[in-house]
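Student: In order, the protein sequence lines correspond to chains W and S. Residue numbers 17 to 493, in the numbering used here, belong to the letters of the first sequence in order. Residue numbers 128 to 270, in the numbering used here, belong to the letters of the second sequence in order.
Hints are computed from structural coordinates only; laboratory data are not their basis. Because the structure is a prediction, the values reported are computed rather than measured. Wrong hints could be hidden among the right ones.
Claimed, not checked - A few chain S positions that, by computed beta-carbon distances, are all more than 12 Å from chain W:
| hint | residue |
| --- | --- |
| 1 | 129 |
| 2 | 137 |
| 3 | 141 |
| 4 | 161 |
| 5 | 191 |
| 6 | 193 |
| 7 | 221 |
| 8 | 224 |
| 9 | 254 |
| 10 | 255 |
| 11 | 260 |
As the list claims (entries may be wrong) - If you want the footprint, here are the derived chain S segments under chain W, 3+ residues with CB under 8 Å:
| hint | segment |
| --- | --- |
| 12 | 164-173 |
| 13 | 228-238 |
Heads up, the beta-carbon is just placed ideally off N, CA and C, and yes, glycines get one too.
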Amino acid sequence: MPVTVSIPTPLRGFTGGRDAVALAGSTVGEVLERLLAAHTGLKRHLMQDDGRLRTFVNLYLNDTDIRQLESTATPVTEGDVLTIVPSIAGGSPVVETELPKLAHAEVLRYSRHLLLPEVGVEGQRRLKAARVLTIGAGGLGSPLSLYLAAAGVGTIGIVDFDVVDLTNLQRQIVHGTSTLGTSKLASAKARLTDLNPNVNVEAHEGRLTSENALDIVRDYDIVVDGTDNFPTRYLVNDACVLLGKPNVYGSIFRFEGQASVFYAKEGPCYRCLYAEPPPPGLVPSCAEGGVLGVLPGIIGSIQALETIKWIIGAGDSLVGRLVLFDALKLRFRELKLRKDPDCPICGKNPTIHELIDYEAFCGIGAEPDYSGLEITVEDFRKEREAKGADLVLVDVREPHEWEIAHIDGARLIPLGQLPDRLGELDGHAEIVTQCHKGGRSMKALEILRGAGFGKVRNLAGGIDAWAERVEPGLARY
Amino acid sequence: MTVRLTESLAEEIRRHGQDAYPAECCGALAGRIGADGVKEIVRLAPAVNRRTDDPHRYLIAPDDLRRLEAGLESEGLEIVGYYHSHPDHPAAPSAFDADHAWPWYSYLIVRVDGGRGADLTSWVLDDDQPRMDPESLEVLSEV
C-alpha cells in the first residue's frame, strides 16, 4: 500500500532532490523506517539516538499531527500523504548555560519524565533549575510539596509557623506520627529530602506578613498558595502581582475545592475574582467546618501539576480558568475568569502599589473589645458549682460535633438556629455561650446581647479548653 | 552557499528585533534560488513566537509554518531560511540553535544591543556535525 511521503525543501538534499517519495507500510512507523533505510542521511535530522522522532520534527498524516493520532502506531492506507513539517526553534545562549546538568542518578530517577517529549531532558533541567515557594505546609502544602519534590523541582521554599498536631494527620500527609509536636517546617523538610535528596528545601519559619512577603517571594519563580485564610490569600496575591510572579491558587472546604493560576501579566488575579473578602466568620475554616482528608490531596495535586506544567512550558495552564471540584458528586466544573479592568491592583488604574494591612482589609482585628465578656473554663466550673442550673450553658455547635463530645448539662442550639430559638431562653438568666474553640460562641454572644439578653458571657477556648483543663476524659477533636 | 538581501530587508529584520526586545523576534525568509544558485530573500514573513514562557527562546509552530508555506507557494516563493534576534548577545548561534537547526536553511541572527538592532549574520547547519557554519551574506544597497 504505497503512501506518499512529502519531503520539505531542507531535506531534499538527502532524497536526491525529490520532493516526495512513495513507500509501502501499514503504519506511520513502518513507512518512516523504510524512508530512513532508503535515505540514510535523513536519520540524523529526523531521529534521536533512542530511535524516537526529534522533538522539533513533526509528522502530519494528511492534515493531522500524528501526535494527536496514535503517533508512529497510526495506521496508514493507500493514498495517504505523510508530510514532514519542521518546528523552527532556537534562542540566545543565556538559558542553557544556566540550566543545571543532570547526574546519572538523576537521569534514572526521572526516567519516566524523560520519556515524555513534553518534559525530556530540557524540561527536567528546567525543573531542577526552578525555585518554587509554597505558602503553608498543611493540607494543600503536603501533597503539592511531595509531588514537587518527587518531580525534581530543585528548590522548594516553604513558609509555615505551625507545629504538627494530631488533628493534622488526617490529611497533611507530608507529616507523620513520628513528627507530632515538632515544627511543620522541620517535619516537611525531613520527609521531602528523604523522598528526594536532590531537592533543596528552604524553610521560612514564621507567618507571611506585609513586612516580609516581598523579600521572600522575590527570590522564587512561582508561588503556590496553600493558605487557609483570607488575609494571607490576599497578601500572596498582591505580592505576586507586584512582583510579576504566577500564583498557583487552591482552596478547599468540606467536600469542595477550587484551583486556578493567577498571573496578572496574562490574566486575572485573585482580586479580579474576589474583589472583597467575605465578612469575618462567614466562611468557616477547615478547623471549624471540617474537610474530607482526600480533598486537599486532589486540589494540592492539581496545584503541583500546574506548577510543573508552568516550569516545563507544556499544555494549557489554568490562567483565566477556575476549576471547581465537588468530591461528593465527583464532578469538575470550569469557570472562565476575566481580568477586571477596575481591579485595584492589576487593572488599568491600580490604586494599590504596595502591600497593605490584610487583617484590617479582611475586617479581622477590628472586632470590639470582649474583655469582661469572657469567662475561663476554671471560673466557669467554680460558678457552676455555686449556682447550679441558674447558670445556663448554651452550646452553639452542630449536632454532629455534640455527638463527639459535650459538656454535661449544656443546651444545644446551633448558631444558625439561634436567632429563631431565642424564645427558648430566659431573658433574665445568666447565660454562658460555648462552641469548639470560642469563635462561634462569641458570635452567639453578640446575637444574644443584640436581642436584649443582659447577662451573657462567652466560654473562652470552648469545649476544647474545657476538655484540656477541666475534664480530661472528654474527647477532643 | 550565499544568501542575498537588500539593505531595507536587513533594516526590517533589525526593526523587528528592536520591537520584540527584550524578547526574541523570529520569522521566515521568503525567497527563491537565483540563477547563480544564491538564495535571494524577496520578503520577510514575520512569525508568531510561540515560546512565551522564556524570552531567550523562539519557536515557530508547524501549523503556522504549513499555512505560511501554502501562502508562499501561490506567490512562487518558498522559505529559504529564518531569522531571529539575540537580545544583548552576540549574533552567533547558540548550542540550542545548532541542536535545533535544519539543513540547507539559512539562519539569520541579528544582535539587538540594549534595544538597538546591531550586527546581522547568516549561518547554515554543517553537513556532518551538529554545529552552525557562517554563511556569506550579501547586503545590496538600493539605488
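Student: Test coverage of the segment 164-173 of chain S by chain W using CB-CB distances below 8 Å; three residues minimum.
Tutor: violated (count 0)
Student: Going by Cβ atoms, does residue 221 (chain S) stay more than 12 Å from chain W at every point?
Tutor: Answer for residue 221 (chain S): violated, closest chain W Cβ roughly 4 Å.
Student: Taking the minimum C-beta separation from residue 260 (chain S) to chain W, is that value above 12 Å?
Tutor: Fine: 15 Å to the nearest Cβ keeps residue 260 (chain S) off the interface.
Student: Are all beta-carbon distances from residue 141 (chain S) to chain W longer than 12 Å?
Tutor: About 16 Å separates residue 141 (chain S) from the closest Cβ of chain W, which puts it past 12 Å; holds.
Student: Please settle this one: residue 191 (chain S) was flagged as non-interface, so is its CB more than 12 Å from every CB on chain W?
Tutor: violated, 9 Å
Student: Taking C-beta pairs only, is residue 129 (chain S) more than 12 Å away from all of chain W?
Tutor: holds, 17 Å
Student: At 12 Å, judged by beta carbons, does residue 224 (chain S) keep clear of chain W as stated?
Tutor: Incorrect as stated: the minimum Cβ-Cβ distance to chain W is 4 Å, not above 12 Å.
Student: Does the claim that residue 193 (chain S) lies off the interface hold, with its Cβ farther than 12 Å from every Cβ of chain W?
Tutor: Its Cβ does come within 12 Å of chain W, the nearest being 6 Å, so this is violated.
Student: Going by Cβ atoms, does residue 137 (chain S) stay more than 12 Å from chain W at every point?
Tutor: holds, 19 Å
Student: Far enough from chain W: is every CB of that chain over 12 Å from the CB of residue 161 (chain S)?
Tutor: holds, 15 Å
Student: Is the coverage entry for the segment 228-238 of chain S by chain W consistent with the three-residue Cβ rule at 8 Å?
Tutor: This one holds; 6 residues, not fewer than the three required, reach chain W with a Cβ under 8 Å.
Student: Does the claim that residue 255 (chain S) lies off the interface hold, with its Cβ farther than 12 Å from every Cβ of chain W?
Tutor: violated, 9 Å
In the structure shown, a violation is registered for the earlier hints numbered 5, 6, 7, 8, 9, 10, 12, in ascending order.
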